[in-house]
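Use the sequences and the hints to build the structure in full.
Number of protein chains: 4
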Amino acid sequence: MKNILQRITDSFNSQGLMSTLSAQIVSIDDGEVQIELPFSTKLSQQHGYLHAGAITSIADSACGYAALTKVSAKHEVVTAEFKINFMRPAIGERFLAIGRVVNSGKLLTVCTGEVQAYSGTDYKVIAIIQATIVNVRI
Amino acid sequence: MKNILQRITDSFNSQGLMSTLSAQIVSIDDGEVQIELPFSTKLSQQHGYLHAGAITSIADSACGYAALTKVSAKHEVVTAEFKINFMRPAIGERFLAIGRVVNSGKLLTVCTGEVQAYSGTDYKVIAIIQATIVNVRI
Amino acid sequence: MKNILQRITDSFNSQGLMSTLSAQIVSIDDGEVQIELPFSTKLSQQHGYLHAGAITSIADSACGYAALTKVSAKHEVVTAEFKINFMRPAIGERFLAIGRVVNSGKLLTVCTGEVQAYSGTDYKVIAIIQATIVNVRI
Amino acid sequence: MKNILQRITDSFNSQGLMSTLSAQIVSIDDGEVQIELPFSTKLSQQHGYLHAGAITSIADSACGYAALTKVSAKHEVVTAEFKINFMRPAIGERFLAIGRVVNSGKLLTVCTGEVQAYSGTDYKVIAIIQATIVNVRI
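Line order of the protein sequences matches chains A, B, C and D.
Each number in this note's numbering corresponds to the 1-based position in the first sequence with 159 added.
Each number in this note's numbering corresponds to the 1-based position in the second sequence with 159 added.
Each number in this note's numbering corresponds to the 1-based position in the third sequence with 159 added.
Each number in this note's numbering corresponds to the 1-based position in the fourth sequence with 159 added.
Since the hints were made in silico from the structure, they are not lab data.
Check each hint, because a few of them may be wrong.
One copy or any two copies: either way a pair holds, since identical chains are not told apart in the list.
Claimed, not checked - With a Cα cut of at most 30 angstroms, we get these calculated DSS-like pairs of lysine-lysine:
#1 K229 / K201
#2 K201 / K233
#3 K233 / K283
Following this line, the structure appears as structure tokens:
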């Protein structure tokens, strides 16, 4: 896991968008990655809640990095597609995206994930995602 | 259309995320909305291309506002879900998201859309989206 | 639960396709429904495995009936859309689709589900689904 | 195209499910395949309309065979995933699924499609699909 921790951290830190959003990786496990995003009015939609685009950005990244924990050092991963359902208004102080590998094949990795909205220590699941990620030989 | 132009412009301008991304609405027609995003390293993924989260943010917004052109002044719209395929690397100077209404029902609007990556006046379609939007009584 | 059991059973029995496929409801709980399908060459794809259309038919129905356990007697449900990933070849003697409600709102119910392929008592998850179901006033 | 016509016809004819549904391929072009399904009460859902599973079966097959027109004789195709929106009640005498290739890559083919419900020569689009298909070396 040591190499993959470094690899994911380096990759995440080189993503301009994650820095622009102020997102942070908070957990990396085999097959599961968590990314946190504090709320900011810079990331709002028209009602002042977190924009679906920001929710999706961390959900997609959490799935992609979860998939990366499953491939060899000779591969990288690219998101082929995902589908996301928004189930509640994205109201909270901070948001946690959790991406999990459901199936890891030679060519494709399938992940599911959720985004939790926190008020203090309470949270509600506001979105769920299902993603297909391609393993690409470097 | 006059009222809907104003309504969409006001809504778009109140979205913190669109301003943070430097996205702009460039076209509003009945059932079709276009949003443009200039490339910036602030929006990159780990290889320096546009991040899937930024692509998705403008694609989702273009679909949502296309749906808004179809509802009465007594309704607003909320994205229930979407699915997006990323077909090529997001390499370009600027990106254009086009959202189009395919079916407009009492409760739900179904949209499709695409994101085009421009180098000069040439473009390639880099992503396609299919979205379900709920009409909500204000 | 008594009324909903009867309601789901009646609805299922009136579906010509479920009878044509020889699918059966095997479990109905609050927020979760399971449908079983024995393999038959009548349901095959070109390699002799279960066709994706058959897998999808039971996955969709399991999600729809799971959603139905959450609505009042004055509502029925209609599938607005779903997304399904096929993760392994559909090889097995019988297949079990499990649909579960993740979020139940006034207008929409969001479900996830999986399809398991059985060889004896062993199974592999061959597909996962994420569905959006509309509550419609009867 | 001659070989691919034969290849698709042979494959389709070996699918037990397509025969059980009474579906037929009615058109094969480079990047586009059409499949027709006459209505039958054997394929109904609880209100007597065509079941979403039958709609999906022909939509998925049309996309898969459209993808097959784009790969070499050394490859076959497998559906990785799709997403389908049901926009209207599936009421009609016959149904036509059209699958079209949007992007054809080395590894993945992305297709979109629609299902039309016919009453006489009039039709309504009742469903749209967006699918990801994997090219597999035989």
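Here is what the structure says about each hint:
| no. | hint | verdict |
| --- | --- | --- |
| 1 | K229 / K201 | between (34 angstroms within a copy, 28 angstroms between copies) |
| 2 | K201 / K233 | between (37 angstroms within a copy, 28 angstroms between copies) |
| 3 | K233 / K283 | between (38 angstroms within a copy, 28 angstroms between copies) |
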